[in-house]
Each structure stands twice: as structure tokens, then as C-alpha cells.
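Protein chains in written order, with numbering that gives the first Met the number 0: chain A, 0 to 504; chain B, 0 to 512.
Treat the hints with care, as some may be off.
List of simulated lysine-lysine pairs, DSSO-like, C-alpha gap at most 30 Å [claimed, not checked]:
1) B:K31 with A:K383
2) A:K446 with A:K383
3) B:K33 with A:K446
4) A:K446 with B:K383
5) A:K383 with B:K33
6) B:K168 with A:K300
7) A:K383 with B:K168
8) B:K168 with A:K446
In short, the hints are calculated from the structure, not lab data.
So you can see what is in the structure, the chains are spelled out below.
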Amino acid sequence: MSGIHLLTLLTVLPLVGAAIALVASKHARGVALITTLISLALSLAVWTQLPANGGYGLVEQHVWAPSLGINYYLGVDGLSALMLVLSAIVTLMSVDAAHRVHHQPGLYFALVLTLEAGLFGSFTALNFFHWFLFWELCLIPAFFLIRLWGGTRRGPAATQFFVYTMAGSVALLVAFLAVFLSTGSMDFPHLTLLASTGELEQMVTAHLGPVMLWLAIGVLAGFAVKVPMIPFHTWLPAAYAEAPSPVTMLLTGAMSKMGVYGLLRLALPLFGHQISQMRTPLLVLAVATVVMGAWAAAAQKDLKRIFAYMSVNHLGYCLLGIFALAVPAAGAAAQTSQAMALNGVILQMFNHGLTAAALFWFVAMIQHRTGGHRGIDQFGGLGKPAPVLFGLMSIALFSSLGLPGLNGFVGEFLIFRGVFPLAWVAATVSILGLLVTAAVILTVIQKVFTGPVPEHCAGFPDLHHNERMALIPVIGLMILLGLLPQLIVESVNPTVVNLLAHWRF
Amino acid sequence: MFLILHPNSVSLLAYTIYLSFAGSLVLAVLPKGKPALARWLALAVAIAGLALAVQGFIAGMGQGRTVLIDLPWVPSMGIHFLLAADGISRVLVLLTGLAAVAGVLFSWNIELRTNEFFALFLALIGGVYGVFLSFDLFLLFVFYEIAIVPKYFLIAIWGSTRREYAAMKLAIYSFAGSAMVLIGLLAAYTTAGSHSTGLIELAHANLPVSFQMWCFPLVFTGFAILAGMWPFHTWAPTGHVAAPTAASMLLAGVVMKLGAYGCLRVGIALFPRGLDPWGFSFIGIGSWRDVFAVLAVIGIVYGALVALAQTDFKFVIGYSSVSHMGFVLLGLMTLNQIGVTGAVMQMFSHGIIAGLLFAIVGRIVYDRTHTRQLAELETMHLSKRLPFAAWAFVIAGMASIGMPGFSGFIAELQVLVGAWIAKPWWALAAGVGVVVGVAYTWRALQKAFFPDVLPSAHVLEQEHGHELAAITWPEVTGVGLLTGVSLFVGLYPKILLDAIEPAVKALLAGGVQ
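Model the full assembly from the supplied sequences, consistent with the hints where possible.
Have a look at this one:
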């Protein structure tokens, strides 16, 4: 227990900020900036206070509704803390990018901050109900942010997004009610312990019959929508494209991580055995997500849709790593591979969040300066009037491509290194995704930055001072993590070892 | 970090990498509008790199493999920042240094975004130095990938004919090759179970023969794509033609060598048993060695024949590179001392000569005549109007066809002798390529510079009004440097052979020690 309840503070702070922003209307962005900056500082403080053994730290626990097994139960390990930092960074970037919200700015920033609170809450919760509350809390502001500030076809996009995710949530809820009815507990650590000895399956089977596999499928479906995994991805392109770019940053940078996080925090610990039974079809879907995501990106003409599908592709690597490691480890070599893959997955979550947020930041900026253009054929030669933009965005794009020396490479390399011995066919086929992504990214660079400059881009201004100041830390972080991935891996590795020790496949 | 801060005469060679990247960074942030400053700075960095390379070459004489720097990078995976050099590395680093200096000299007239051009140029050079000096497979891969980016931009921004297509094709081929290498890298690392990505450790890991059998062709092909191996060579002519002169010089001169170097340093050194006979044979092909040797021979002959049919001067040189790189691959597949030594010699020699040829065609001729069509050049009487270019091409052409006295002669001779020892018909077939090589070089020479029809006095008078720009000092210096090196090595090959032979011997003996 921590004297100052750091995690509660972290979750409540954005809500307070949201309330102030709501009434501050004109100064809402300033309020949001200050709030997100403090949140970032707090999340970094959490990051520094991780326990060395990889278990949960900063734990807060209060009884909430005992008859339903509901506790106010918070704690962080390396995985959660990294996601907190990521959420804080992405929200800050999103607020920074949203300096052109003229329509109801108070409400806009209040929703963004509520979303941030939802993210913090769901990344720290250790009780299902508590977690689920925040999981849903994220959904509502996201819906309204798309619905009210989105593009021309925002209506259907928002509805589709909401319905898909709700359906996933229902599946999750049902599965966990079944687990609660059988075990009487909703606390993750307790349930994980039960599952690791095999008791969980016995209890569920004794109470409800042989439904464990179905529960696993329900839980997987819930998270698969959120990540998303093919074939549950169809909501994504519309939502990402129609949402205003700062909101897309939140969707892809932080919210998509909730799905992967859920797989790691809930699905694998509780249903590891069932997942390992379904490993082959799941691997096929993961590989499909990687490869089809990249192909779909190659077929797009709209920058936002290209980056949306690239997100699908990049999170596909996370899925690949997660499903590949879901296999009983035979020997120390296989355990090392599992640990590598899991380290890679967590690193990839962070890297993708950072890079994707940066890319959508650039799209927002380009779109604003060219009067709403974002089709890749509508640009050309921007490298000439805007060399700084060209340089910085190229770094972000190459990070997305997975160029060695930048952050994107390390996560993908670790995943491939880990997956290769565990599922070499899947790894080999997925490398195809890397290739197609490379082609897509080079095409983007070619169409946007080289060639003749069209008329409406002629006076394109380069990044001005404030924009450079906002971006340089992010780009710098990409380079830093590319050269010194230990900065994250060393803090995450104990958690990885601890997680793997408790998972039963 | 101490090793970085306190260089000694051995570790100095590693500074070629740092210096080039540092120069690249400085150029990237240099104020715009001062192209002269950028040029001189790039030249200074390139010369300093060459000086370091020469110093490293001299200091390394008579020594085997020396470690330049060894720092743990990602300890949990056994990845080291391990730079080392043996005779092969030193020779190729020397080549890179020469190509860098010559490249800057022949880019002296770049006016469009000069800073960025030289920044990317030096980044490419830095990546190439890095590949040649990496003795950690992971690190080698990192430098190999990093080198792809600048060459893409060099072509896409400063290139000519269908530059975007060519740049994309080059990048995709390169990435496809490196994806294959990546698979091999992961597979080898996993199979070896040695928890180290060091080339030495992996070579000593006794990888199972059945594993080597499939991993060798994968990795070898992955690297050989960049070496222009037939039938994966098609990026090379289009890329060379579209690239600005300095980039073609580097592409043909050193980037293709990266591929060949990877074939040798990774493919052959880590998976030597992958070259063993399969145990059965089909139309005389009974091992991966036969397969790649046949592809190399096809590349030699095919490249030469296609070069003979080109109407674009630069394409002639582009295809000649495919043919000459075929000798490198054939030399590697001989697996005997003389053949592999010849392959490394040929890498050096072709690097110099291809650079020279591209410089003459792309910079000296094209920038003045604005055409590369042989039919149009034929009417321009260049031997009278650009005698320097004509005679430079005569010398370069002689070097290219392997005239004794030039570096190409000794290299190709060694490869042919090695091939003869391995399988005589390889040498015979490759010999056909040499003959066709003479034909296309002389055809291009005649068409471009010495056409049959002599100009009438009237025509000459007319042309007098439109004089071609005079030859500048960087061009003279560059041509002098490259021809001088080719001649010097041709006349005194021992200087390189003394470095290459022991390294090849150690490499073929198994293990990289």
C-alpha cells in the first residue's frame, strides 16, 4: 500500500481535469494540456516505483460489493505501468494535435480526458468488475468524439464502432459472470492462481458443465474486436478514417492496446490451456491479420486508411507473438523463446502506440495545411517546401517500417526471434507482411514527398517552431528506444518472467 | 565506451563508420544555400575515411582478424556491438573509402539540395563501412538494412529515367533479400542455441547438416539478390541507370559488394555444409554449389549479351555490372583458395572500374551532352570535343575487359583458374562471357567516341559555337584516382593478395578465425 494512493490519484486526476475543461470552454485545451502533462509525470513516477520481482506494486484494495466479489483493487506491474506511460504520452500528443477544435472545445477536451481516465483505470484494475467499468468508460467518450467531431460519414462509423465493441464487451461479461459464479471471485491475481493450478477449469466444469472452451472463445472474441484481429476488424478503417485525427491517435495509440493488454492480463492467465488447444486456428488468424492488414494498406488511397490498416498489421505481430507462445514449454530453450516473444509483444505495443500516434499527428497537420486533402495522389513534392516535415515524418515512417536503429524494429525482431522456434511457419509467412509494409511506406514517401508539387501544395509551410518542439521528443524517443531498447526491456523483463511463470498452457 | 574514446591504431578503423555518420548528421543540419561548403565538407569526410581505411589496411598487414570494438549491446540476447576486421574486410573498407572520395568528386556539380545529397551519400557510406566491419550477425544485418534507406532516397530524389520506379524496385528487392536473410539469421540463432549472434560463435556452433542444407540457399540467395545474381538481377540495370552518377558509382561499386560479401561472410562461413552434394544429381547439378555456380555463369554470359544489345550507354555499363558480379559469385562457388581469393579481388577491382565507367558515362559525358543514346552520341564527335572522356573511357574499358596490367585481369584470371579446378566447363562458359565483354565494351567505345564517319570541317565549325563545358579538376582527379588504383593493383596485386589470401584460407578452413 502506498501512502499517497498514486494510482487512484492518476485515475481521478483526468476526471477532475475533464470537469474543469467542461466549464472552461475557451481555455479547455490549456486545462487539458496541463492535466495530461501532470498525468505523464505521475505515470512516469509509477514507472519508477515498480517492484523488482515483476509482481504487482502500488496495490490498493478496498471492498466494494462483497456479495458480488467486486473490489476496488488496483496495482501495476511492468506491463501495466508501460501502458500507463504510453497512454499518457499518446493523450498528451492528441491534445497537442487538437488545437483546431472550434466546435464545443469544452466538451471535446472533457471527453478526451475522460477517455484518458478510462485508459488509466483499465490498465491498473485488478478486479474484473472494476476493470470492466473503465473498459466501458473508454468506449463512450470515444463514441461521442467520433460522432460529434468526425468526418462526413461519421454517423455509421461511430455506430459500427460502438456496436462491434459492445458485442465484444457482452461476450466478455458473460464469460466472466460464468467464472464468478463458479469461483466466487473476480480478482485477477486470485483467478490467475486458480487457473495456474488447473482448479479454475475444474470449478467451472463442476458448476456449469464443459463450457470452458466456449468461455475462452467469448473472451477472445471480446478482445479480438478491440485489437482488432481479422475477421473482427471491419469497424476499424471507417472509425479511424472518420474520427478526427487527434481522436484516431487515441484510438490506435492507446485504445487498441487495451485489447492486447486484455489478452495478456485476462485471456492468457485464465484460459491459457484453452488458447493452446485452439492455437493453430488462432495463429492462422494472427498471420492473416499481419499479411492481409499489410495488403489492405497497399490497396488504400487515403492516408488515414493506409495508416489504419498498417495498425492492423502491426498489432497482428502482437497477436502472432501471443498465440505462438501459448504452448506448453518443453525445456529451457522454449521458455527463453516465450520470454523473448512476450518481451517483444509488450515492446511492440509501446512502439506501435508511439509511432502510430505520431503518424496520425502528421496526417492531421498535413490535412489542415492543404485544406482537407489526405488522398496520397493529391500530394507530391512536399519534401521541397517542407524539408523538416519530410525528415521527421520519414523517421516515423521508417520506425513503422521496422528499420533497424529505430524503435519499431526491436519489438518486431524480438517477436520474430521468439516466435520462430515456436511456430516457424507462421513466422516465415508473416515476414511477407514486413515486405508489403515496406512497399506501402515507400509508396507513401514517394507520393507525398517526391515528384512535382501540385498547385494547392505550392505554399505548403514547413513545421513551425511549436510543432517541432512537440515532435522532437517523440522522434527522439523513437531513436533512443531503437538504440537502447534495454530502457524498457529491463523493467519489463521481470514482469514477463513472472507472467510466464503463472500461465498454464 | 572507453574504446570509443581512446582509439589505438587498431581500433581506428571503426572510426570510418562513426565519422561518416557524423559527417552525414552535420551536413543534414548545415544551413542551406552554401553548396560549396557542403561539397568541401563531404570531401573532407570522405578523404578522412579513406585515410583511416588506408591506415587500417597498413596497420593490419600481416595480422589476422583483429577486434576493433566489442561492447555488449542487448546482453539478454547475446547481441554485441562487435566490430572487427580481417584481410577481406580491410580490402573492402579500402574500396569503400576510394569509392566515397571518387563519388564526392563526381558529384561536385550537384546543385539541387546539395546538403541533403551529401548527407545521404555519407549515410550510405557509413552503412557500407558498418557491414564490412561487423562481426556480429545482428549488427551486420542492422547496417545492411540501414544502407537501403539512403540509396532509395538518392535515386528517388536525384535520379533520372523512371527514378521512382527504379528506386522502389531497388528497395523492394533489397527488403525481400533482407527478409530472407532475417529468416536465416533467426533460424541459425535458434538452432545454434549459443545465445550469441557473433559470427565466430555461430560458425563454431556445428549447425546440423540438414539445417545448413536449407538455410544456406535461403541466406545466400537473400544476399545474392543485392549482388545482382541472375535471375534476381533486374533491379540492378534500372537502378544504376536511374541513379545519379555518384549513387550509380556506389551502387555498382560497393553496394553490390555488400551482397557478395554477405554471401561469403555469412552464407559460406556459417553454413559450409550447405554446399555439400545432395546425394543425387539432375542434369549434372548435384548440390547448391552447382546451382549457384550455374546461375553465376548464366549471369556472366547473359549480362554480357544483353549489354551488347543496349542502345543506352548507361545500360551497357549497368548490364556489364551484372556480368562482372557473376565472376564474383562464380569465384565464391569454386570453394578453393584461388577462386575465392579471385572473387574478393574482383569485388575490389570491379568496385573501382564500375565506379570509373559510371563516372565517365553519367558525369563526364551525360552532363554535357544530355543524352546517353549511343546513336546520338555517335553524331557528336566526342573524341574530338571531349578527348579527355574518350581516353579515360579507353583506359576504363581496357580495365573492364580484363587487360593485363589492370586489376580486372588478375581477378578474373584467378576466378577462371579456380573455376577450372572445380569444374572445367564453368571456366569455359565464363570465358565466353569474357569474349562478349570485349565485344560490348569496344562497341560502346566506338559508338560513343570513335564513330567511323569523320566530321566534316563544316560540322566541326558549327559545333565550335556550342562548346561543351570544359573538364573540371574534380573530374580529372577522380579519373586519375580510380585509374591509378586499378593500374597499381593490376601491376602489384601482391599488396591486396597478401591481405586477402590468409583471410580466405582461414574462412575456408572452417570457422572465421
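Q. For the pair supplied as a hint, K446 (chain A) and K383 (chain B), is the alpha-carbon distance within the 30 Å limit?
A. violated, 44 Å
Q) Can the restraint linking K33 (chain B) and K446 (chain A) be considered satisfied, given a maximum Cα separation of 30 Å? A) holds, 28 Å
Q.
Just to be careful, I want the Cα atoms of K31 (chain B) and K383 (chain A) compared with a cutoff of 30 Å; is the pair within it?
A. Judged against 30 Å, a Cα distance of about 12 Å means the pair holds.
**Q.** 30 Å limit on alpha-carbon distance, applied to hinted pair K446 (chain A) and K383 (chain A)
**A.** Satisfied, since the Cα-Cα distance of roughly 13 Å is no more than 30 Å.
Q.
Run the distance test for K383 (chain A) versus K168 (chain B): straight-line Cα separation, threshold 30 Å.
A. Status holds; Cα separation ~23 Å.
Q: With a cut-off of 30 Å on the C-alpha distance, tell me whether K383 (chain A) and K33 (chain B) pass.
A: holds, 17 Å
Q. Given the hinted pair K168 (chain B) and K300 (chain A), is their alpha-carbon gap at most 30 Å?
A. Satisfied, since the Cα-Cα distance of roughly 20 Å is no more than 30 Å.
Q) For the pair supplied as a hint, K168 (chain B) and K446 (chain A), is the alpha-carbon distance within the 30 Å limit? A) holds, 15 Å
The structure shown violates just one earlier hint, number 4.
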